[in-house]
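These protein sequence lines map, in sequence, to chains E and H.
The numbering used here puts the first residue of the first sequence at 64, with every later residue one more than the last.
The numbering used here puts the first residue of the second sequence at -8, with every later residue one more than the last.
Hints are computed from structural coordinates only; laboratory data are not their basis.
A hint or two may mislead.
[What the hints assert, rightly or not] Heads up, simulated BS3-like pairs for lysine-lysine below, C-alpha to C-alpha not over 27 Å straight-line:
{"#": "1", "chain 1": "E", "residue 1": "Lys176", "chain 2": "H", "residue 2": "Lys168"}
{"#": "2", "chain 1": "E", "residue 1": "Lys92", "chain 2": "H", "residue 2": "Lys168"}
{"#": "3", "chain 1": "H", "residue 1": "Lys168", "chain 2": "E", "residue 2": "Lys143"}
{"#": "4", "chain 1": "E", "residue 1": "Lys177", "chain 2": "H", "residue 2": "Lys168"}
[Stated by the list, open to error] Computed list of chain E residues with no C-beta within reach of chain H, every gap over 10 Å:
{"#": "5", "residue": "Thr91"}
{"#": "6", "residue": "Ser94"}
{"#": "7", "residue": "Tyr126"}
{"#": "8", "residue": "Tyr136"}
{"#": "9", "residue": "Lys143"}
{"#": "10", "residue": "Asn144"}
{"#": "11", "residue": "Val148"}
{"#": "12", "residue": "Asn169"}
{"#": "13", "residue": "Ile200"}
{"#": "14", "residue": "Val203"}
{"#": "15", "residue": "Val207"}
{"#": "16", "residue": "Leu220"}
{"#": "17", "residue": "Gly227"}
{"#": "18", "residue": "Phe232"}
[Claimed, not checked] Have a look at the derived ranges for each label pair, beta carbon to beta carbon:
{"#": "19", "chain 1": "E", "residue 1": "Phe96", "chain 2": "H", "residue 2": "Ile155", "range": "15 to 23 Å"}
{"#": "20", "chain 1": "H", "residue 1": "Gly99", "chain 2": "E", "residue 2": "Ser235", "range": "45 to 53 Å"}
{"#": "21", "chain 1": "H", "residue 1": "Leu36", "chain 2": "E", "residue 2": "Leu202", "range": "24 to 32 Å"}
{"#": "22", "chain 1": "E", "residue 1": "Phe199", "chain 2": "H", "residue 2": "Tyr31", "range": "30 to 38 Å"}
{"#": "23", "chain 1": "H", "residue 1": "His45", "chain 2": "E", "residue 2": "Leu215", "range": "45 to 53 Å"}
{"#": "24", "chain 1": "H", "residue 1": "Tyr31", "chain 2": "E", "residue 2": "Leu202", "range": "22 to 30 Å"}
{"#": "25", "chain 1": "H", "residue 1": "Ser157", "chain 2": "E", "residue 2": "Tyr124", "range": "18 to 26 Å"}
Ideal placement from N, C-alpha and C gives every residue a C-beta, glycine not left out.
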Amino acid sequence: MSAKSSKSKNLSQEEEALLQDYSRDLSTKSSAFFYGNAAIVSAVPIWLFWKIHQMEPTNNYIYFILGTLFTAYLISFAYKNVKFVLKHKIFQNLDNVVQDEKDKKNEDRSLRKKNEIAEYEATTYSIFYNNSLFLFILLVASFVIFKNFTPLFNYFLSMSIASGLLALFSTSK
Amino acid sequence: MKCVIFLLCALLANVVYSETVVDELEDAKLLVAKNVLNNYIVEGLNLTIKYTIHNIGSSPALNVKLQDENFPAEYFEYASGFSVAQWARIPPKSNVDHVVIVSPKMPGMFNLTSAVVTYLPSEKASKVQTGYSTELGEVYIQRLSDYNRRYASQTLNWILFIIIASPSILIPFFLWKSSTNKYQKSKKAKKSN
Chain E
64 MSAKSSKSKN LSQEEEALLQ DYSRDLSTKS SAFFYGNAAI VSAVPIWLFW KIHQMEPTNN
124 YIYFILGTLF TAYLISFAYK NVKFVLKHKI FQNLDNVVQD EKDKKNEDRS LRKKNEIAEY
184 EATTYSIFYN NSLFLFILLV ASFVIFKNFT PLFNYFLSMS IASGLLALFS TSK
Chain H
-8 MKCVIFLLCA LLANVVYSET VVDELEDAKL LVAKNVLNNY IVEGLNLTIK YTIHNIGSSP
52 ALNVKLQDEN FPAEYFEYAS GFSVAQWARI PPKSNVDHVV IVSPKMPGMF NLTSAVVTYL
112 PSEKASKVQT GYSTELGEVY IQRLSDYNRR YASQTLNWIL FIIIASPSIL IPFFLWKSST
172 NKYQKSKKAK KSN
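Here chain E stands alone, though its shape is the one from the complex (with noise of 0.2 Å):
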């Protein structure tokens, strides 16, 4: 009973590695690390509010903290997306990386290198993809759609349609 046991929560535990490697969810590493960049990210436009459209922090803190939040929610969504489409776009370009395929050890050895490859790689473009189309959305929202409002119109407008446009986009296969 008891081997038996231990075999049916081997394989499952298995399940439980493979169903995580293929999920959408994010580890709790993963997913802090998401947040993190996208906190990054997201604090860079108030440097160009601060000097550029002259928002000074001191009056509109409280704006810029909410909008920082706000947008970060939604970056870190888009990071989410897109590097779960990405993975397994490289995980099926990778060959195998282990040399010897005999074993079924070797195997499940390659596949899980292969998965961290992927997933790695997966992350870090997904990262540079989604900061790179922020941060362009959000150039010409702010210096050419809403060039004339307010500087706080401006930036909740700009930052809001960067970031959601972000979220929609990576929504798309």
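Using the hints provided, position chain H relative to the given structure of chain E.
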């Protein structure tokens, strides 16, 4: 008879008019122009006001005093010049300038009214003549932040923004690229073996 009376009246009017014109030309007559030399009037930045006094009369104007109370201390700060300027004598058919630089302390609408000039129109005159300069009417004093947003040079700020934003783009890119290159190298190495 009526014709004679009419002609006499016309002659008399002509004589009186001529004498009046001669009187005006004989004494000094000052015209004062008040101009703002700036393109924009901005809170905290220097505003240059130029007063030009033209003496269009035939006599020198004496004891000329130009006074402008249009820039009270609670709204303006004098950076250069004074609100009162005096000249002992302004020759006929000539002009003098007086320049004042003030700095507005707060933004908003402001009424630029006339300056007052007082002078003696001739050496024999005892009654002081008073004149007023041109007025500019209501002007809008811009906020410094609005002015900087529209017109100030932002080159340095843009360069600093690029420096601040670059790590969030370049670091993930190089990490991804290094991983891709590493895998490409190992793939090529395997193929050559």
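Each hint tested on the structure:
1. Lys176/E x Lys168/H: holds (18 Å)
2. Lys92/E x Lys168/H: holds (22 Å)
3. Lys168/H x Lys143/E: holds (20 Å)
4. Lys177/E x Lys168/H: The given pair, whose Cα atoms are some 16 Å apart, holds under the 27 Å limit.
5. Thr91: Holds, because the least Cβ-Cβ distance between threonine 91/E and chain H comes to about 20 Å, which exceeds 10 Å.
6. Ser94: holds (17 Å)
7. Tyr126: Given that every Cβ of chain H is farther than 10 Å from that of tyrosine 126/E, nearest at about 15 Å, it holds.
8. Tyr136: About 17 Å separates tyrosine 136/E from the closest Cβ of chain H, which puts it past 10 Å; holds.
9. Lys143: Non-interface label on lysine 143/E holds, nearest chain H Cβ at 15 Å vs cutoff 10 Å.
10. Asn144: holds (16 Å)
11. Val148: holds (15 Å)
12. Asn169: Correct as stated: the minimum Cβ-Cβ distance to chain H is 15 Å, above 10 Å.
13. Ile200: holds (13 Å)
14. Val203: It holds; valine 203/E is separated from chain H by about 15 Å at its closest Cβ, greater than 10 Å.
15. Val207: holds (15 Å)
16. Leu220: Given that every Cβ of chain H is farther than 10 Å from that of leucine 220/E, nearest at about 16 Å, it holds.
17. Gly227: Fine: 19 Å to the nearest Cβ keeps glycine 227/E off the interface.
18. Phe232: Non-interface label on phenylalanine 232/E holds, nearest chain H Cβ at 17 Å vs cutoff 10 Å.
19. Phe96/E x Ile155/H: 15 to 23 Å: Holds, since phenylalanine 96/E and isoleucine 155/H (Cβ atoms, about 20 Å apart) stay within the stated range.
20. Gly99/H x Ser235/E: 45 to 53 Å: Given range 45 to 53 Å: holds, Cβ gap about 50 Å.
21. Leu36/H x Leu202/E: 24 to 32 Å: holds (29 Å)
22. Phe199/E x Tyr31/H: 30 to 38 Å: Given a distance of about 33 Å, which is inside 30 to 38 Å, the answer is holds.
23. His45/H x Leu215/E: 45 to 53 Å: For histidine 45/H and leucine 215/E the Cβ distance comes to about 50 Å; the hint holds.
24. Tyr31/H x Leu202/E: 22 to 30 Å: holds (27 Å)
25. Ser157/H x Tyr124/E: 18 to 26 Å: holds (25 Å)
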